[in-house]
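4 protein chains.
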Amino acid sequence: MTKEFDNLIKEKDLVLIYLDEKRQFLAQAVSGLRMSSDLGDLDLSDIVKKPYGFVGKTHLGKDFYCLKPSTADLMMKARRTTTIVYPKDLGYLMLETAIGPGSRVIEIGTGSGALTMVLAKFVAPDGIVYSYERREDFIENARKNIERVGYAQNVEFTCVDVALKGFNQTDIDAIFIDVPEPWAIVPKAAVALKGGHHLVSWSPNVEQVKRTIEALEACSFKRTKVKEIIEREMLVRLQGVRPRERGITHTAYLIRAQKIIATT
Amino acid sequence: MTKEFDNLIKEKDLVLIYLDEKRQFLAQAVSGLRMSSDLGDLDLSDIVKKPYGFVGKTHLGKDFYCLKPSTADLMMKARRTTTIVYPKDLGYLMLETAIGPGSRVIEIGTGSGALTMVLAKFVAPDGIVYSYERREDFIENARKNIERVGYAQNVEFTCVDVALKGFNQTDIDAIFIDVPEPWAIVPKAAVALKGGHHLVSWSPNVEQVKRTIEALEACSFKRTKVKEIIEREMLVRLQGVRPRERGITHTAYLIRAQKIIATT
Amino acid sequence: MTKEFDNLIKEKDLVLIYLDEKRQFLAQAVSGLRMSSDLGDLDLSDIVKKPYGFVGKTHLGKDFYCLKPSTADLMMKARRTTTIVYPKDLGYLMLETAIGPGSRVIEIGTGSGALTMVLAKFVAPDGIVYSYERREDFIENARKNIERVGYAQNVEFTCVDVALKGFNQTDIDAIFIDVPEPWAIVPKAAVALKGGHHLVSWSPNVEQVKRTIEALEACSFKRTKVKEIIEREMLVRLQGVRPRERGITHTAYLIRAQKIIATT
Amino acid sequence: MTKEFDNLIKEKDLVLIYLDEKRQFLAQAVSGLRMSSDLGDLDLSDIVKKPYGFVGKTHLGKDFYCLKPSTADLMMKARRTTTIVYPKDLGYLMLETAIGPGSRVIEIGTGSGALTMVLAKFVAPDGIVYSYERREDFIENARKNIERVGYAQNVEFTCVDVALKGFNQTDIDAIFIDVPEPWAIVPKAAVALKGGHHLVSWSPNVEQVKRTIEALEACSFKRTKVKEIIEREMLVRLQGVRPRERGITHTAYLIRAQKIIATT
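Residue numbers (my numbering), protein chains in the order written: chain A, 852 to 1115; chain B, 852 to 1115; chain C, 852 to 1115; chain D, 852 to 1115.
A couple of the hints might just be wrong.
No distinction is drawn between identical chains; accordingly, a pair holds when it is met within one copy or between any pair of copies.
Claimed, not checked - Keeping only pairs whose Cα atoms sit at most 25 angstroms apart, straight-line, the calculated BS3-like set for lysine-lysine is:
1) LYS861 - LYS900
2) LYS863 - LYS908
3) LYS995 - LYS1039
4) LYS908 - LYS1039
5) LYS900 - LYS1076
6) LYS1073 - LYS861
7) LYS928 - LYS1016
8) LYS873 - LYS1039
9) LYS1076 - LYS1016
10) LYS861 - LYS1076
11) LYS1076 - LYS908
12) LYS900 - LYS1016
It is worth saying that the hints were derived from the structure and are not from the lab.
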């Protein structure tokens, strides 16, 4: 009860240290460590046992804010070995499946683990993410990212070429595909996935989308949809409101389909 | 164990009955009920105990597919008394907070309950959504929507004018505001929310965004961001790939901010 | 001199009769004709010799405004036999070429003549548009559209299959291609076009773009660009400013390339 | 006749020298001058009397192409003292008016002259652009830009504060406003503009749009529209087709309105 309402920063907690838009860092609150920026240094010992929302000062007198990292912050600040799925895309895709606490989910490939950590968070406490990746070094990096955010118990990594070997599980609630050749995975995914449930995949190029959809149709998936999610920032300032003038204009095309089963 | 992998449609389950893009219905699998469409009728008794993914035929011989509804389907097919937040916006906003299983969340107003059901799903099994709404009739409709999707135990409704009375809770993990005058709620939200945690709000008009941000600044919120999420469908057909020619071009501007606390 | 500043509506002038956003008509000011709308009728005799900008009243007392049609109005209100290029796309494409008064331009196909009239207007008084179309009935309709807006002397129609027969002209300043299979026209266009000058083409589908670009590369065109131009309306109202909620989300992909010549 | 079809680069012609996407220059073909790039130098004497479309080689053996500059190239490569209107916006706005060869047009402010040169080109040979600007140094730079592209005879510059002094002309066919406070110009524009004709204005911020529209309504302008034109590049490459990943996301909101006159 008391624990539930506790809002103190604990040793090893992840904290978003925010000075301004250009100076925001995801830091682990480890006593004895220091962080430095061009607006001054701060001693992480000083924030442990402070509440989230605490306002501190760097040694140069600049305010910094100790904020709770959002799920998107955890993704975007993960140590990256690969490009990652963006929160705008993942938020959309997650709701395009039926997953929630307790779900059993497959993702392929693991990459930096940014997707893995979000899926793990939302299938916790009893669900599991089976994360497949061909490169052992990617898994090692992703494992550290997952451990840092505290969802290691909800993830099981496998280093294998799924296109060749397939998956070790069946009756899976949703499959998330983030590889350059999703079409090579689709037949294996069709075996592992529960009937009527969701496969999602995303790719930057139109040709990848077409080949993936052909593979989905060949494996009797139905209700296929392709979307793009475009994020646009609005700047709200004293001198006026307007959209940001430059930014990201494309990340990926997002595919969703549902598995049909033959019955007798 | 067996139960976990069970994929049979049970009496009263929600099933997405899909004939084609123009004929897709969220139906409760109640024995004895019939559904009808211009492509033929079907008896819902026939789908109970069939697996999800089952392909049936209407009495006119048209195939229909028994699919698992996605979280977005549950939202979009909720019985509406009001406009609802769109999955593209909610997926983004949810990841802009830190909520997950076990979180204690406030939403205001309840509206049709489309947001309520998604928040309830993702804070389950142990978390709770405190949903505030001024209109008792909206709460009654939302309650039915929530019960239908099975998350009633994770929602507590309150019928009150929050701008006047404030919230009954403190130490809340995230606050979702969906009312025409968010700025009137912000001072009360600043009391209920945990330090460092997230308030999100969305409004269709620029002026609403400006007034809300002024209120957020007056209440010492920091790290405010405003985004628009634009969804664009790609049609992938034999005759060629292209974006859909007409569609939704605006829903809402999305605001996110984090609460700062004064310390002594 | 007096003539230059004359702003009176003359017999047979095209006038945009504007009652409100939903009731706006391009009418020819012909004495004796009447127009009717659900907000009342008006006698076109009454507007002849009135100045543009004149405010009249229907027989039901509703104000109507006699406005100068813009070039975009002339396009959008042309009698259509086909889909037309949109002003947002044409405005962009026209500036992507070097055409202006005096230019000799080819367009293919004529379609409804919406593009033809704009090109004719901007190459007048001494330039010419050579407009090619396979269907005689399209040319007949386009000819009427062009005559109505008064640029018949700047257009020469030819009814022929250009993919087979090629063009009758050479040393053309710019070529505008609006046919379903632009790639079939490209080799003929490469003959007719001046060195270093511009070919533009537009197509709704990605596959059309790809094949056209392959044809352009095979014919030694360089500096190829593909763009999409997306128009978004902002509603500025007393209750607030926001983008329109539904609208057109795709028309065409726009290609521009420039012809290279081999020299010895 | 011969002259009409002549496509040779003449002394002082503007030529777009194109090596690749990152190396493209608008150069005046002046004998004796050299241009240099990291891919080699070229002697401009070598391109005079060559035809447009000519392929040359730098002293390092890299191909360069001598292309005809498009109208958009002339704008984008003008020597800038200010931000300029983008071709995507200007192309749209120009068609939202009725201007063409012979029109008398006002623009305010002159800025770098990018807009001026395009208006001058499209009202030539007999029309004129009255260009107003408060800063004499801006006019000097713009004058050079206009002279370089050859439309000096179609432009008349005036250095004055229009908000105070108004315009020297009446019965103008269209007015283009590109200043930070368009609302201060609107009452003067209402005097100078022909009845029923078009005023266009563009501003980056929502507040500017609102104030301008209030001024337009106060001066009895009607049929006001506000649009945004968003340009999106598609990359068509061997490895696949996709939108460009980063780019310009906002330039300006575009306003168009038409003048009403009181009649007696």
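Structure-based check of all given hints:
1. LYS861 - LYS900: within (6 angstroms within a copy, 49 angstroms between copies)
2. LYS863 - LYS908: Answer is within: at 20 angstroms inside a copy they meet the 25 angstroms cutoff, but 57 angstroms across does not.
3. LYS995 - LYS1039: Answer is neither: 28 angstroms inside a copy and 39 angstroms across each miss the 25 angstroms cutoff.
4. LYS908 - LYS1039: neither (54 angstroms within a copy, 28 angstroms between copies)
5. LYS900 - LYS1076: Close neither inside one copy (48 angstroms) nor across copies (28 angstroms); limit 25 angstroms.
6. LYS1073 - LYS861: between (48 angstroms within a copy, 22 angstroms between copies)
7. LYS928 - LYS1016: neither (32 angstroms within a copy, 39 angstroms between copies)
8. LYS873 - LYS1039: neither (44 angstroms within a copy, 30 angstroms between copies)
9. LYS1076 - LYS1016: neither (28 angstroms within a copy, 42 angstroms between copies)
10. LYS861 - LYS1076: neither (44 angstroms within a copy, 27 angstroms between copies)
11. LYS1076 - LYS908: between (50 angstroms within a copy, 23 angstroms between copies)
12. LYS900 - LYS1016: Neither way: LYS900 and LYS1016 sit 49 angstroms apart in one copy and 32 angstroms across, limit 25 angstroms.
Taken one by one, the earlier hints fail for this structure at numbers 3, 4, 5, 7, 8, 9, 10, 12, listed in ascending order.
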